[in-house]
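Asks: One letter stands for each residue in the lines below.
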Amino acid sequence: MDAAATGAVRVEKVRGRSALTQCFARYPLKLIAPSKVGPASCDAVWLYALTYGGGIVSVYKAVGSKCSEQLLEQARVGEDALLVVIPDPVTCFRTAQYYQKQVFQVFANSNLVLVDWFTSGRYESGEKWDFRFYKSVNHIFLGDQPLFIDSVLLEQGSNSTIAERMQEYNVIAMVVLLGPKLKHIQDQMQDEVRKLMSVQLRPPTSGGSRYAMRSQSSLHPQRPPLIASCSPFGHTGTGMVARVAAVSTESVYSFLRHHLAALEAFLGASPYSAS
Amino acid sequence: MESDYPVSKKTRLDDAMDSEMEEVPSSASGVNPNLHWTQWQILDSILPTGGFAHSYGLEATMQSRIVNNQEDLRSFVIQVMENTGSLLLPFVYCASKSPDAATWVKLDQLLEATLTNEVGRKASTSQGSALLRVAASVFTEIQALQDLRQAFLGSKTVSFHHAPIFGLICGLVGFDGETAQRAYMFVTMRDVISAATRLNLIGPLAASVLQHQIAPDAERMVQKWRDRDVADASQTAPLLDALQGCHAYMFSRLFCS
Numbered sequence: 001m002d003a004a005a006t007g008a009v010r011v012e013k014v015r016g017r018s019a020l021t022q023c024f025a026r027y028p029l030k031l032i033a034p035s036k037v038g039p040a041s042c043d044a045v046w047l048y049a050l051t052y053g054g055g056i057v058s059v060y061k062a063v064g065s066k067c068s069e070q071l072l073e074q075a076r077v078g079e080d081a082l083l084v085v086i087p088d089p090v091t092c093f094r095t096a097q098y099y100q101k102q103v104f105q106v107f108a109n110s111n112l113v114l115v116d117w118f119t120s121g122r123y124e125s126g127e128k129w130d131f132r133f134y135k136s137v138n139h140i141f142l143g144d145q146p147l148f149i150d151s152v153l154l155e156q157g158s159n160s161t162i163a164e165r166m167q168e169y170n171v172i173a174m175v176v177l178l179g180p181k182l183k184h185i186q187d188q189m190q191d192e193v194r195k196l197m198s199v200q201l202r203p204p205t206s207g208g209s210r211y212a213m214r215s216q217s218s219l220h221p222q223r224p225p226l227i228a229s230c231s232p233f234g235h236t237g238t239g240m241v242a243r244v245a246a247v248s249t250e251s252v253y254s255f256l257r258h259h260l261a262a263l264e265a266f267l268g269a270s271p272y273s274a275s
Numbered sequence: 001m002e003s004d005y006p007v008s009k010k011t012r013l014d015d016a017m018d019s020e021m022e023e024v025p026s027s028a029s030g031v032n033p034n035l036h037w038t039q040w041q042i043l044d045s046i047l048p049t050g051g052f053a054h055s056y057g058l059e060a061t062m063q064s065r066i067v068n069n070q071e072d073l074r075s076f077v078i079q080v081m082e083n084t085g086s087l088l089l090p091f092v093y094c095a096s097k098s099p100d101a102a103t104w105v106k107l108d109q110l111l112e113a114t115l116t117n118e119v120g121r122k123a124s125t126s127q128g129s130a131l132l133r134v135a136a137s138v139f140t141e142i143q144a145l146q147d148l149r150q151a152f153l154g155s156k157t158v159s160f161h162h163a164p165i166f167g168l169i170c171g172l173v174g175f176d177g178e179t180a181q182r183a184y185m186f187v188t189m190r191d192v193i194s195a196a197t198r199l200n201l202i203g204p205l206a207a208s209v210l211q212h213q214i215a216p217d218a219e220r221m222v223q224k225w226r227d228r229d230v231a232d233a234s235q236t237a238p239l240l241d242a243l244q245g246c247h248a249y250m251f252s253r254l255f256c257s
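Each protein sequence line maps, in turn, to chains Y and C.
Just so you know, the working numbering puts 17 at position 17 of the first sequence, and the rest follows in order with no gaps.
Just so you know, the working numbering puts 61 at position 61 of the second sequence, and the rest follows in order with no gaps.
Same shape as in the complex, but just chain C (with noise of 0.2 Å):
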């Protein structure tokens, strides 16, 4: 499937060599102007995408006494953005990459096997799709994506789900490899931050107080996990995968997942 639209943006695999042959309007930086309104656009998370429902098996995590304080909740942060970088970047990367529908439907489906925590599935398809919705919406320019959707709404054989979708945008939009799995991890670093106010761990100063302090560890995630193959993905925080596959046996519970 191409994609058609005002700013040429290369489609193919293995584009690493291909940044200088992009043809953009770009301002000093010798980056597209245009391209930063969108990117803080999808990182704001007044973004309609349903983020604010999940809390990354933090509320498990404190209904079984594993975080109890703002000490416990920095150490969950990074092991989630460890396990962000290790598991789901490479789909972010794969799809950024190669932003068409067939690798799409192939990641989509590999994420699905992948993915063996049902709540966290759950988490997955609901943001992806909600994402995919807004994005459609939104980036009018970008036929590509309408046409997508289009295509595979209600159809069984992918899921949406929220790491391969939202690398696909970014490589439609014109993000670069590198800054669509940073955009990730900052939204997902983001979202674990907002849970935790929401269930009363930390206020919202001190929460983006810790949100300044770990952006170091944040990026040195991206860079330790930046650029790998789907082959490579792996989880490396099987504690918390166990804790988040409790959410649904909360009597009481605030979040989704």
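Next up, chain Y with everything else stripped away, as it sits in the complex (with noise of 0.2 Å):
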């Protein structure tokens, strides 16, 4: 990616109802508005961004020593305003490098769901966790205070590989629920996350080392094959963050799925619905 994908949004209520009122997409980024994602009776704009040389499902592989970069400098969410990101997982190519920063402006009672979550590369086909550099940065500032400040960096070291330190997991996924809107969402998903890792969680038997069982199909028995914790955030207790590692992309679909579906009420349609 030569030029640097520049574009702008705009989503306001106009006459009671969200309307886009300003899109504009320099080459090689590209905006599409879908009219008619939901039911009429939703209230909702839908926004599709590719880039080209990406497509939908971003894909980076480096071109010389080149960095893909993806920068969304500043998404301003006005009061009682809900914005929803839910791209579907960066899969960094073999040799990849890709930087990823978001920037969110809030305000006291602004609404955010951000879904950020990337993959170990191509790894049906033997490709995992073989890209150089991945590092993504999500900035939520309430004003000009720093609400959430997260930054994941992916780098091959010299001591360890990526892939060491991954093990048989190949997909993070981070969920941001923020915003008073959401709050019925938060307590679900704390709920039943807590439920779902609760019984896979227990004490070694006695005497840790001696009783170790290495095993040798690659994911160990008892291992869970998808991992999640929840966090809240904020002095105002509305933001709720979850951490995701999972060896099955299918899984982190699924998992996104059923926890963002009461996000239709909001949007018209489910994310991540399977089509």
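FYI, nobody ran anything at the bench for these hints, they're computed from the structure.
Take the hints with a grain of salt, since some may be wrong.
[Unchecked claim] Only pairs whose alpha carbons sit at most 27 Å apart, straight line, appear in this in silico BS3-like list of lysine-lysine:
| no. | chain 1 | residue 1 | chain 2 | residue 2 |
| --- | --- | --- | --- | --- |
| 1 | Y | LYS135 | C | LYS156 |
| 2 | Y | LYS135 | Y | LYS30 |
| 3 | Y | LYS195 | C | LYS122 |
| 4 | C | LYS106 | Y | LYS101 |
| 5 | C | LYS156 | C | LYS122 |
| 6 | C | LYS122 | Y | LYS183 |
| 7 | Y | LYS30 | Y | LYS101 |
| 8 | Y | LYS195 | Y | LYS181 |
| 9 | C | LYS156 | C | LYS106 |
| 10 | C | LYS106 | C | LYS224 |
| 11 | C | LYS224 | Y | LYS181 |
| 12 | Y | LYS135 | Y | LYS101 |
| 13 | Y | LYS101 | Y | LYS128 |
| 14 | Y | LYS183 | Y | LYS195 |
| 15 | Y | LYS13 | C | LYS156 |
| 16 | Y | LYS30 | Y | LYS13 |
| 17 | Y | LYS183 | C | LYS156 |
| 18 | C | LYS106 | C | LYS122 |
| 19 | C | LYS156 | Y | LYS181 |
| 20 | Y | LYS135 | C | LYS106 |
| 21 | Y | LYS195 | Y | LYS101 |
| 22 | Y | LYS128 | Y | LYS13 |
| 23 | Y | LYS195 | Y | LYS13 |
| 24 | C | LYS224 | Y | LYS128 |
[What the hints assert, rightly or not] Simulated coverage check for chain Y against chain C, where a stretch passes if three residues somewhere in it have a Cβ under 8 Å from a Cβ of chain C:
| no. | stretch |
| --- | --- |
| 25 | 73-86 |
| 26 | 144-151 |
| 27 | 161-173 |
| 28 | 222-230 |
Even for Gly, the Cβ is constructed at its ideal location relative to N, Cα and C.
Two chains, two separate frames, one set of hints: put the complex together.
Replies: What follows is the structure, encoded as structure tokens:
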């Protein structure tokens, strides 16, 4: 990608309904705003962003030493408004270098759903955590105060490869739910994740290392195929972040589909619905 | 807030060039010998800062069978140190370079927003407040510590996170930035390995052997991640982060985090 993809979008309430009042994109960025995603009764604007060379499923490959960059400089979510960012996972091929930064400006009653996730690569073909560099930065500011500052960096190291650190897990996902409109979704996700994980966590049998079983197969029989945990954030307690690590991409699609299903009421369609 | 104590100390930004201007009694090696005693006391696990209550996510990784034996433990400790370097050393560094209240408040608030894992966040505030209380009581010659604690105790604007307080204390006490960052890496490594012995994953002698074996890795991490700005702080162990967040889901557990 040579030119920096640039675009600008504005969604405002016009005569009581959400409307796309500004939509501009310069090649290689393309923005598509289909009008019939949800039923007419639903008041939401859907936007798809494509980067030529990337496609809808983001795929990144390094050209020489260039790093693919995706920057969302300033997303302002007004009071009472809801922004839902639900991309497919980033998949970095062998030798890829990828950097992404998203900055959100919110107010006391803003609502935000942010999904940010990536896979180990084309792991079914054996390309597993083979990329050179991945960095994803998500900043949420409440006024000028930092509310949620997230930065994940994975780089091939001299001591241990990314693959060694990630073991059999192929997918890392983060889901941020912020705002009063999302409380019921947060509560349900917290409860279900707690139930899911507590049955899979057990103290080792006494004697720790003496009873350790190193399984021959790549997946240790007792390791959870999907690990998830939820944490609240922010002093007002309206924020929650879920962190997920999983062996298969499909299991995370399933997780997201299930936990974000209630968003259909806001969006007119359920995120990540199988189609 | 100015610090007022017998050993003259730079409290300005960009002090990398200022070392030669320091006026302190020095031994043959050029370092104030009293500093050694202070340094060793800060690094000694006997200092009552409550570090023994935290496993840095080790307990959760054991209960999910990610860490099962000493080989896994070695890899785990190294990953924790790498993450400490990438995420927390910038806070130690920036606080030690500018050990004043205004800088400290900004760093503390930024770290509060950065530690998105609730388990890790609570561990940080509990260790940080304990450390500040101990340091204010022990290093009575540093009035700034007591003043800071007085000014902010009970305040909702700060959370008393560990890394900035550690850096602040090191800065006020007279350590250079490299020593402060190395010290922080050391106490982290020390506490994780100690947790491993209490979780019965490794015996105390083997733990000491391991600690010595990975010291070169620890030093490498310090050199790799030192002297960075907090704007560059990143986490590098997302799998361990997800696992540490599960700590509260464990039905039976030994540690707070």
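Asks: If a hint holds in the structure, say so; if it doesn't, say that too.
Replies: Taking the hints in turn, this is what the structure says about them:
1. Y:LYS135 / C:LYS156: 32 Å, violated
2. Y:LYS135 / Y:LYS30: 23 Å, holds
3. Y:LYS195 / C:LYS122: 22 Å, holds
4. C:LYS106 / Y:LYS101: Given that 27 Å is the threshold and the Cα spacing comes to 22 Å, the pair holds.
5. C:LYS156 / C:LYS122: With a Cα-Cα distance of about 15 Å, the restraint between C:LYS156 and C:LYS122 holds, given a limit of 27 Å.
6. C:LYS122 / Y:LYS183: Given that 27 Å is the threshold and the Cα spacing comes to 22 Å, the pair holds.
7. Y:LYS30 / Y:LYS101: 18 Å, holds
8. Y:LYS195 / Y:LYS181: 24 Å, holds
9. C:LYS156 / C:LYS106: 13 Å, holds
10. C:LYS106 / C:LYS224: 25 Å, holds
11. C:LYS224 / Y:LYS181: 43 Å, violated
12. Y:LYS135 / Y:LYS101: With a Cα-Cα distance of about 8 Å, the restraint between Y:LYS135 and Y:LYS101 holds, given a limit of 27 Å.
13. Y:LYS101 / Y:LYS128: Given that 27 Å is the threshold and the Cα spacing comes to 24 Å, the pair holds.
14. Y:LYS183 / Y:LYS195: 18 Å, holds
15. Y:LYS13 / C:LYS156: Distance of about 36 Å is beyond 27 Å: violated.
16. Y:LYS30 / Y:LYS13: 24 Å, holds
17. Y:LYS183 / C:LYS156: 24 Å, holds
18. C:LYS106 / C:LYS122: Holds, at roughly 18 Å.
19. C:LYS156 / Y:LYS181: 26 Å, holds
20. Y:LYS135 / C:LYS106: 24 Å, holds
21. Y:LYS195 / Y:LYS101: 33 Å, violated
22. Y:LYS128 / Y:LYS13: 45 Å, violated
23. Y:LYS195 / Y:LYS13: Distance of about 40 Å is beyond 27 Å: violated.
24. C:LYS224 / Y:LYS128: OK: C:LYS224 and Y:LYS128 at ~25 Å, within 27 Å.
25. 73-86: violated (count 0)
26. 144-151: Since 7 is at least three, the answer is holds.
27. 161-173: holds (count 6)
28. 222-230: holds (count 7)
Of the numbered hints given earlier, the model fails hints 1, 11, 15, 21, 22, 23, 25; all others are met.
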